[in-house]
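Read top to bottom, the protein sequences are chains A and B.
The opening position of the first sequence corresponds to residue 1 in our numbering, with each subsequent residue numbered one higher.
The opening position of the second sequence corresponds to residue 1001 in our numbering, with each subsequent residue numbered one higher.
Just so you know, these hints were derived from the structure itself, not from any lab.
Watch out, some of these pointers could steer you wrong.
Computed cross-link-like contacts, DSS-like style, restricted to lysine-lysine with a CA-CA straight-line distance of at most 27 Å [as the list claims (entries may be wrong)]: (1) B:Lys1275 <-> A:Lys201; (2) B:Lys1275 <-> B:Lys1364; (3) A:Lys210 <-> B:Lys1275; (4) A:Lys217 <-> B:Lys1364; (5) A:Lys210 <-> B:Lys1402; (6) B:Lys1402 <-> B:Lys1383; (7) B:Lys1364 <-> B:Lys1402; (8) B:Lys1150 <-> A:Lys152; (9) B:Lys1411 <-> B:Lys1393; (10) A:Lys62 <-> B:Lys1046; (11) B:Lys1275 <-> A:Lys152; (12) A:Lys210 <-> B:Lys1364; (13) B:Lys1411 <-> A:Lys30; (14) B:Lys1364 <-> A:Lys201.
Where chain B lies over chain A, by a calculated footprint (3+ residues, C-beta under 8 Å) [unchecked claim]: (15) 46-58; (16) 104-116; (17) 271-278.
Built from N, CA and C at the ideal position, the CB exists for glycine as well.
Listed here are the chains, written in short residue letters.
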Amino acid sequence: MFGLFKKFKEGFAKTVSAIASKTAAIFGQKPIDASSLETLEEALYTADFGVETTGEILAEIKAAYKKDATLHGQQAAAIGAAVLKRVLAGSEGRLDLSVATGSPVVIAMIGVNGSGKTTTSAKLAWKMKQEGRTVTLAACDTFRAAAVEQLKAWATRLEIEIIASHTGADSAAVAFDAWQAAKSRGRDFLIVDTAGRLHTKGNLMEELAKIRRVLQKNDPAAPQHRWLVVDGSLGSNSIEQAKAFHQSFGLTGLVVTKLDGTSRGGALVGIYRQLKIPIYFLGLGEQPEDLQPFSVDSYAKAVFGLE
Amino acid sequence: MFESLTDKLSSALRNLRGVGKLSEENMAAALAEVRTALLAADVHFKVAREFVERVQAKCVGQEVLKGVAPGQQIVKIINDELVALLGEGTTDLSAKRPLKILMVGLHGSGKTTSTAKLGKLLKKRGYRPFVVGADIYRPAAIDQLEILAKQEELGFYSDRATKDVPALGAAGLSAALAASADCIIFDTAGRLQIDTDLIEEVKKLRARVQPDEVLLVADGALGQEAVNVAQAFHEALSLTGLILTKLDGDTRGGAALSIKSVTGVPIKFVGVGEKTADFEPFYPERLASRILGMGDVVSLVEKAQENIDEKEAEKMAEKLKKAEFDLEDFLAQMQQVKKMGSMQSIMGMIPGMSGMQLPAGADKQMARTEAIIQSMTKQERRKPDILNGSRRKRIADGAGVKIVEVNSLMKQFQQMQQMMKMMKGGGGKKMMRQMEAMKGKGGGFPPGGFRR
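Go ahead and model the full structure; you've got the sequences and the hints to work with.
If you want it as structure tokens, here you go:
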């Protein structure tokens, strides 16, 4: 468990230093005051927590401060982390890698353009392979130029099986074929990489529904996992994205990517608040092993610079 | 939640009625609302604070206008201020030829797609564009650019074997000049602004090819992070402009205000779709309305102007006024609307309607309605009253729908006619209520917008 937190903290190191540098003065051993509360507000907002969560954390710290004017920064940080943990209670998604159902367990990766679906698909496949599971990739982004080649390049590099067609092919047909292939070869998992689409485009959302329908012809339960891949550097719009995808595709999980920068990925808090969809993984770097399971405790501690 | 800024401001300013002048004290509540609204639109914390201060400075001392809700008055000031800030600088590119453009940004912001789009746009403007694929990291990124270049008939160069990006850039430049191109666009790999090695690399590329324009490509939905990203790229590369992408979604685009405020670099283009033609010069008014959640009326009007025949529209208005609207007109109107794009995209541009979600398949429904009307005779379209059971059956068979669908269309049409009659009879208020009910939970019309 400690090892996990360490890895998490390493990936999040820049994040921690970014938020902690602002709040060091507050979250040290000094008592807080009115002006440090404003600095705190700023730090919370710049983490993209959104208006609601920021307000909640501030209110609790202020209330504690009212009761005890000698409140120290460390204590305030602990209150903030506690609020975050409360808001995120139950948000840890855990993928059961032990399943052996006789049919491949299907994970569909969906999201807007450029959120990191293809890279996440490859990283996840690699992770499964490391755990000794067998996995097939389905290259269902048949729209964007060279998207198929991108996933193929990953598959070759990581030595993972892939089913692909050409750009412009029917994505649902590729999904269907990939499932058949995975099934006949007795694979444990099938990861379906789909084309990026903005959640406001009805026709493209309809295409997703078609992929689902076609997969269900093979196995009524497929795709068992429908994960939204969200760019962690985005702001409140990621909540709109999640809502729309959830409405039309019934999300079962989230993956938040690109958190190796200085983004705090606070939007995940907003998404979880609104939709209660569990968060499975965070993308903390460009290497295959940088896809890390989400941990509320680690996240809350990392954000507030606690040990 | 944002559609109602005018609304919120109006209630925050209720106490202003009868007060002569706007002052710091009587505006405090309203300005707090403005700040919250900006933060909810992803404007950076500090930028929002500065902006509110600017607005406050503009407002204080102004007379409260009679006949205008104070909320509207302030929204107008905010809007003007936003437009001024966003619109500083020119959207024109350097006039140099050959024109060298370097595209930079985070991962997945849309650099490769924007490179092809910009190439296409410049080709239309008479350039001979050439693109250079310098993203040697993302698998198949070079393939992607090559395919797009071929598709748009742009010159193309890359080198899949090299690890030396500056040398690749220089070779690309020579290849472009040898092909007598007069505009060379360099597509680079996505990089984090804190990745010192990669930033160093693109700095070297910049030094080597000496671009006339360095454009930061940024996702329009970026959060608070936008400020750090823009600042770091600007410091390292001296940006000359911004390209905002994925604005065809429903993002508020507050990041644009943040980036603009901290770098001062002009926003030059926006990406508004997946096709290479979906690329436009930047209009500050549109983005300002977006950030304020007021809908994109300008775009809607423009789209309408492009697609709707004015005489036809006048004729229609006349008919509406007289409540003589028949199914023939209904069909014609539907076809005009269809030319403007999908229903959802049109909805998104109407103030107060942007939050309203059309049921999935609204466009499909429209096509069915069209089929039903087209299965009627001319006489039936003009006098829908004559539709008896056997006629309805024939129409349903012809359109390939069930009779109930024909029935429900007729019901809807009757309701519409009734509404028009009400309008004619001055029952506008009742109609507004009905429309409100139709909108359901999607958030109310900003009442301030309808006050006289």
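Results of checking the hints against the structure:
1. B:Lys1275 <-> A:Lys201: With Cα atoms ~13 Å apart, B:Lys1275 and A:Lys201 stay inside 27 Å; holds.
2. B:Lys1275 <-> B:Lys1364: This hinted pair holds, its Cα atoms lying about 22 Å apart.
3. A:Lys210 <-> B:Lys1275: Holds, at roughly 22 Å.
4. A:Lys217 <-> B:Lys1364: Within the cut-off at roughly 24 Å; holds.
5. A:Lys210 <-> B:Lys1402: Holds. A:Lys210 to B:Lys1402 sits at ~24 Å (cutoff 27 Å).
6. B:Lys1402 <-> B:Lys1383: holds, 21 Å
7. B:Lys1364 <-> B:Lys1402: holds, 15 Å
8. B:Lys1150 <-> A:Lys152: holds, 21 Å
9. B:Lys1411 <-> B:Lys1393: Distance of about 16 Å is within 27 Å: holds.
10. A:Lys62 <-> B:Lys1046: holds, 21 Å
11. B:Lys1275 <-> A:Lys152: holds, 24 Å
12. A:Lys210 <-> B:Lys1364: holds, 15 Å
13. B:Lys1411 <-> A:Lys30: violated, 71 Å
14. B:Lys1364 <-> A:Lys201: holds, 14 Å
15. 46-58: holds (count 5)
16. 104-116: holds (count 5)
17. 271-278: violated (count 0)
Hint compliance for this structure: hints 13 and 17 are not met, and every other hint is.
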